[in-house]
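K.L.:
If you want the building blocks of each chain, they are given just below.
There are 2 protein chains.
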Amino acid sequence: MAAPIEFLQFVDDNADAFIQRLSDAVAIPSISGDASHRGDVVKMAEWLNDHLKAVGVETQLVDLGKHVMDGEELNLPPAILGRIGNDPKKKTVLVYGHFDVQPANKSDGWDTDPFTLTIHEDGRLIGRGSSDDKGPVLGWLNILQYHFQSNKELPVNLRCCFEGMEESGSEGLDDLVKKESQPGGWFDGVDCVCISDNYWLNTRTPALTYGLRGLAYFKLTVSGPGRDLHSGVFGRTVHEPMTDLVTLMSKLVDGQGNILVPGIDEMVEPPTESEKAIYERLDYSIADVEQSAGGQIAISSNKVDVLMGRMRYASLSLHGIEGAFSGVGAKTVIPAKVAGKFSIRLVPPQTPELVEPLVKAYLEAEFAKLNSKNKFSIESLHGGKPWLADVNHWNFEAAKAATRAVYHQEPDLTREGGSIPVTLTFAESLGVNVLLLPMGRGDDGAHSTNEKLDRSNFIEGTKLLGTYLYEVAVIQ
Amino acid sequence: MAAPIEFLQFVDDNADAFIQRLSDAVAIPSISGDASHRGDVVKMAEWLNDHLKAVGVETQLVDLGKHVMDGEELNLPPAILGRIGNDPKKKTVLVYGHFDVQPANKSDGWDTDPFTLTIHEDGRLIGRGSSDDKGPVLGWLNILQYHFQSNKELPVNLRCCFEGMEESGSEGLDDLVKKESQPGGWFDGVDCVCISDNYWLNTRTPALTYGLRGLAYFKLTVSGPGRDLHSGVFGRTVHEPMTDLVTLMSKLVDGQGNILVPGIDEMVEPPTESEKAIYERLDYSIADVEQSAGGQIAISSNKVDVLMGRMRYASLSLHGIEGAFSGVGAKTVIPAKVAGKFSIRLVPPQTPELVEPLVKAYLEAEFAKLNSKNKFSIESLHGGKPWLADVNHWNFEAAKAATRAVYHQEPDLTREGGSIPVTLTFAESLGVNVLLLPMGRGDDGAHSTNEKLDRSNFIEGTKLLGTYLYEVAVIQ
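Keeping their order, the protein sequence lines are chains R and E. Counted the way UniProt numbering counts, the first sequence spans residues 1 to 476. Counted the way UniProt numbering counts, the second sequence spans residues 1 to 476.
Wrong hints could be hidden among the right ones.
Because identical chains cannot be distinguished in the list, a pair is counted as satisfied if it fits within a single copy or across any two copies.
Said to hold, decoys possible - Taking lysine-lysine and the DSSO-like style, the derived pairs with C-alpha atoms no more than 30 angstroms apart in a straight line are:
{"id": "1", "residue 1": "K331", "residue 2": "K178"}
{"id": "2", "residue 1": "K219", "residue 2": "K251"}
{"id": "3", "residue 1": "K369", "residue 2": "K219"}
{"id": "4", "residue 1": "K90", "residue 2": "K400"}
FYI, nobody ran anything at the bench for these hints, they're computed from the structure.
Construct the complete structure from the given sequences, taking the supplied hints into account.
P.N.:
What follows is the structure, given as structure tokens:
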């Protein structure tokens, strides 16, 4: 079922008003990671709650308790649960978004005030949160406004979950999602989930995202001397922790990205021909990767290999060393205790539980080979499972149909190299298909300076999300 | 010729007055590395100059010009040249010392005010500069006072060179030494040099030092991306600079201290049996090394190997990485540009000029093997040649005889793992034998908190330096 023409017309007719509302939302600096802005996050929750109620949504502001940030105990901002429609003949769709934002200061390099939505003549709506994630959240609001004002029922039952701590680890949300997924809970009866909180692969092609990598983050510590030593006095008299650490770190990954820890790359099945074809079709070139990275350093000249490296293979990155000399200039120190930081981005069937023992056993064995008298330890700092959805599920088919209807294009089917942990929580708690349906473009600069959402992405994106609901309603 | 018994008696009789004078010197916080204390370094120069003149030394305060420190142009503190005696039948001895000190604050962990000499009941004279190097400089003054007050000629012609910038790179001194070593210069006719500015190997055995290691310090830079990247988005899509850098750094030295750069360890001749015997005789155990390092991490259980590792072999230490993540916690960054810092302590016949090309060629070849698209560069940050003296020269024989006379012990013959660059300047400019004749013990904590000089080392050390002059006078 195509979305009603009246809906599409309403979106076009109200574009300026929608942008004004986005401007009002951006003006509230709801930075969850800055204790001094906690009141603004709460203000933003109340602003959104009022707007949802005004278009007929039954809402609940949920107190998520307290947490400690930078040594200060703070009230968590409330999550907003929303509900509209309860027709057993309709499918029930849960949509997720967040109304908190990353920090932003003009002095970081913004061309304009980050909390004043600036409309550029090329169509960019520039401001913190425009794309991540206030634009998409307001997309849902735009759709609801149409149905409320024209007195039309939604084609599906809708459930909303909007949170104010996404940029700070989604504290408190997991427990809420698990609780409300129980029988009788707010999310009981949900048939599918749609999350609009990521980006197209490029600036041209709409995308549906069906995978996220997980993470296993390690800290590898080598220590020996009682304090930092002078290399003149102690060089070649003692086992130096840095020598051992660097040797161990060099045995984790090679220059071509292959993970050297036995058993980790081997867990991942080689791609089938049809899967390779997905990557071949993606509208993304080696030049796109290198422009994005700011250097001609793609790991392969084969586009499929590079994209699979990001999306469907694990990766291991060495982040740095704590405790070694890290300043400018020359210092002749033998650091007493050094800790290498590295992490592995995981893909199914890898999990932190499967990978961590392999990493630990391997490094213990490699350290034993060094015949060093230094002390060695390895700990996991944090981890999360990867997520992968069935792209042939009706939830994805509905989104594909909506994309064709609005953009007259086949969407890119993408997997993200990073993580959005709440995705996995929804998938596991509800046991239903989860779709990531991005509104913005790959160059929106979500966590960077001059974050923007293109006007066309906001307006056509609103149509896309609305049309998706109509497609869900009828798809088998 | 033994020192006159009256001299030894004078030193004992005046011990308390000598300690009071050391206390007066310590009270002037002549920190050369702190611009706000530059006036104190000048005050200390004037104090010392007055005391030298008072015991009959002809002196000259030499203006060394200006330099820039922390962005501020400052006058260098003057060097003090001193001269007493010009008898062509006597040998001419040049003594060197410095009157500036390392920084010190009570808050660094000192038990007492660092600039108030505190006399502990166990004999420790605790205060900044007590051992490094005001105690030894005042040792020479004590000797001169005896000869002045008793109206006795010194057994040798004496030349002094005392500087106020040793702790800050001896700026300006090299040029002065070279100039004054010319015919007609202040040091013209010098037969040998004695520097008292290092330490015994342990707390029990006097030492003569005949070698210092040189240094070649390197910065190895790998860069690729235009800015730091997110490991979720770019992991396994680009060549990561940290992976390349850690691989290269792992190829420099092994866990047993062997330098893996071809040609460097090979430059050094294996020790002869008689040389090994020097190390065997040294009054220093593995336990001493490990106590000093604060960990049971000696690179060998063979004492001779450990001591040769410090003194007669080159060593390569990895100091750290600039540009990588070095903080606490977990950050999933792919650093865009990382620079590994490492240095090689050099022994004869190694020099920076010989070693640097080997290191650069080796790393360039190893980088080429990585097939990386990142950029690679290596630069030398600074370097200095090693120094080695003939321990059978009459200058050393005189010091051995003096040690036997004062301490009734054979001195340890040691080489230092670190560098005292002015040693090489004297040796090369004058072309005469240079002796390092330490006054303090291995645990004096020269650059650390609670620096001390033991009373017995100050008093017996004064006798040692004086007796050394008498032995030099007669030795063939």
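K.L.:
30 angstroms Cα cut-off: does K219 pair with K251 within a copy, between copies, both or neither?
P.N.:
both (15 angstroms within a copy, 22 angstroms between copies)
K.L.:
I want to check one pair: K331 and K178. Are their C-alpha atoms no more than 30 angstroms apart within a copy, between two copies, both, or neither?
P.N.:
between (52 angstroms within a copy, 28 angstroms between copies)
K.L.:
With 30 angstroms as the alpha-carbon cut-off, assign the pair K369 and K219 to within, between, both or neither.
P.N.:
Cα proximity of K369 and K219: in one copy and across copies (20 angstroms, 28 angstroms).
K.L.:
Between copies, within a copy, both or neither: which fits K90 and K400 at Cα up to 30 angstroms?
P.N.:
within (20 angstroms within a copy, 102 angstroms between copies)
The earlier numbered hints are all upheld by this structure, with none contradicted.
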